[in-house]
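Each chain, written out:
There are 2 protein chains.
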Amino acid sequence: MPAGRLAFWFEFASTYSYLTAMRIGALAERRGVEVEWRPFLLGPIFADQGWHTSPFNLYPAKGRYMWRDMSRRAAALGIGFRRPEPFPQNSVLAARVALLALAAPGGADFCRAVFQAQFADGSNIADPAVLRRLLTDAGLVADLVDRAGDAACKQALRDAVDEAKALGIFGAPSFVVGQELFWGDDRLEEALSFVGT
Amino acid sequence: MPAGRLAFWFEFASTYSYLTAMRIGALAERRGVEVEWRPFLLGPIFADQGWHTSPFNLYPAKGRYMWRDMSRRAAALGIGFRRPEPFPQNSVLAARVALLALAAPGGADFCRAVFQAQFADGSNIADPAVLRRLLTDAGLVADLVDRAGDAACKQALRDAVDEAKALGIFGAPSFVVGQELFWGDDRLEEALSFVGT
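If you read the sequences in order, they're chains A and B. Under this note's numbering, the first residue of the first sequence carries the number 2, and numbering increases by one thereafter. Under this note's numbering, the first residue of the second sequence carries the number 2, and numbering increases by one thereafter.
Chain A on its own, in the form it takes in the complex (with noise of 0.2 Å):
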């Protein structure tokens, strides 16, 4: 029996929701902890604080100084990292797909694939044909890119992002234990240690 549950609430697009992505699981084990993968929008969000960016972009110095933190941060983990062109990229049909996906084993794994194609690898996610692969990849069945502009999906994933913001999130990655809401890449231990208290 687990520990408890933490939600882990990305958005695919956010630099730092990747390497939250590519450490999670083992952190989340050694503590006996389940992961629930909670994709969501930042952009419903962001917009409805008046921005139509990413602040990495609208504020020029935070943006200089998030991608010289990344380059730290990923080298410190061992994992690749380049910049996305463009950025932030458009998320909403990996998103889709993605809450397709966890209904199956091997969600998270194409999950952390999507990551890895961005931030890594240099792929444009918001092409289908690169869902399509990774879907492959992790023992998924690729018409799942196809069935991702159902009426239910799109819904469920506006549901999603109300639900993030009922729950008061701003920011990702961002995760929640009980009543509990940790915000950031830097808090995950934190919150992994408030699970079952």
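Derived from the structure by calculation, the hints contain no laboratory data. Incorrect hints may have been included.
Which copy? The list can't say, so a pair holds if one copy fits it or any two copies do.
In silico SDA-like cross-links for lysine to any residue, where the CA-CA straight-line distance does not exceed 20 Å [unchecked claim]: (1) K166 - P3; (2) K63 - D163; (3) K63 - W52; (4) K155 - D138; (5) K166 - M23; (6) K166 - D70; (7) K166 - I80; (8) K63 - P129; (9) K63 - E191; (10) K63 - A167; (11) K63 - R113; (12) K63 - G26; (13) K166 - P85; (14) K63 - L168; (15) K166 - G33; (16) K155 - E30; (17) K155 - G51; (18) K63 - H53; (19) K63 - D187; (20) K63 - V162; (21) K166 - P56; (22) K63 - Q50; (23) K166 - Y60; (24) K63 - E181; (25) K166 - G179; (26) K155 - I46; (27) K155 - A104.
Starting from the known structure of chain A, arrange chain B on it as the hints suggest.
Positioned in the frame of chain A, the structure of chain B alone reads:
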């Protein structure tokens, strides 16, 4: 001989600067790192990007989260924490006095005391009487509060803000080691480890 130097850029009104101020001394000493305390103001930097108060006030979800996060972090560090009223406090006078205080031994003690008065004891650091008392407690002369009104001291604080901007600083606390910038209390350990590399 110290292992090297780290510049600790802080804003008295900044909640996360308080966390760093209370823990940097012991951490730096253990690693043999010399800390240069650099007071500055975030107000003019925020104003450049169109913000006329703290982003924690401008973005309510982020603000609500910050107060909760600060409570958790302060409890974990075993230090007091209460929300200052008003927030953010006007830190201009405290920053000017700190520039003078840091020219003498006891300056860092005074800075820590200013943070504690504001974030643990509920004092208003814009009040000259509060600053006079904290100076005396730190073994410094209370009339630094009067000298803080001199043109030279005002200019020194403006120069510090310009230097911060030139270094790419956009938030507080920030740490500078050589040419490398680190932002946020969460990066303190990484910045200290970078000294001497």
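Status of the hints after comparison with the structure:
1. K166 - P3: neither (27 Å within a copy, 48 Å between copies)
2. K63 - D163: between (27 Å within a copy, 16 Å between copies)
3. K63 - W52: both (15 Å within a copy, 14 Å between copies)
4. K155 - D138: Neither. Shortest intra-copy (24 Å) and inter-copy (62 Å) distances fail the 20 Å Cα cut-off.
5. K166 - M23: neither (25 Å within a copy, 33 Å between copies)
6. K166 - D70: Between copies, since 18 Å is at most 20 Å while 27 Å is not.
7. K166 - I80: neither (31 Å within a copy, 31 Å between copies)
8. K63 - P129: Intra 31 Å, inter 34 Å, cutoff 20 Å: neither.
9. K63 - E191: between (25 Å within a copy, 18 Å between copies)
10. K63 - A167: The answer is between: 13 Å across copies meets 20 Å, while 27 Å in one copy does not.
11. K63 - R113: neither (26 Å within a copy, 27 Å between copies)
12. K63 - G26: Intra 29 Å, inter 27 Å, cutoff 20 Å: neither.
13. K166 - P85: Classified as neither: same-chain Cα gap 27 Å, cross-chain 27 Å, threshold 20 Å.
14. K63 - L168: between (26 Å within a copy, 12 Å between copies)
15. K166 - G33: neither (28 Å within a copy, 45 Å between copies)
16. K155 - E30: Answer is neither; intra-copy 31 Å and inter-copy 55 Å both fail.
17. K155 - G51: Cα proximity of K155 and G51: none, with 23 Å in one copy and 35 Å across.
18. K63 - H53: Both: 16 Å inside a copy, 17 Å across copies.
19. K63 - D187: Answer is both; intra-copy 17 Å and inter-copy 16 Å each pass.
20. K63 - V162: Result: close only across copies, 16 Å inter versus 25 Å intra.
21. K166 - P56: Classified as both; 18 Å inside a copy, 18 Å across copies.
22. K63 - Q50: The answer is both: 18 Å in one copy and 11 Å across copies each meet 20 Å.
23. K166 - Y60: The answer is between: 13 Å across copies meets 20 Å, while 23 Å in one copy does not.
24. K63 - E181: For K63 and E181, the Cα distance is within 20 Å only across copies (14 Å; inside one copy 27 Å).
25. K166 - G179: Classified as within: same-chain Cα gap 16 Å, cross-chain 40 Å, threshold 20 Å.
26. K155 - I46: For K155 and I46, only the intra-copy Cα distance (17 Å) is at most 20 Å; the inter-copy one is 40 Å.
27. K155 - A104: within (15 Å within a copy, 61 Å between copies)
When held up to the earlier numbered hints, the structure conflicts with 1, 4, 5, 7, 8, 11, 12, 13, 15, 16, 17 and fits the remainder.
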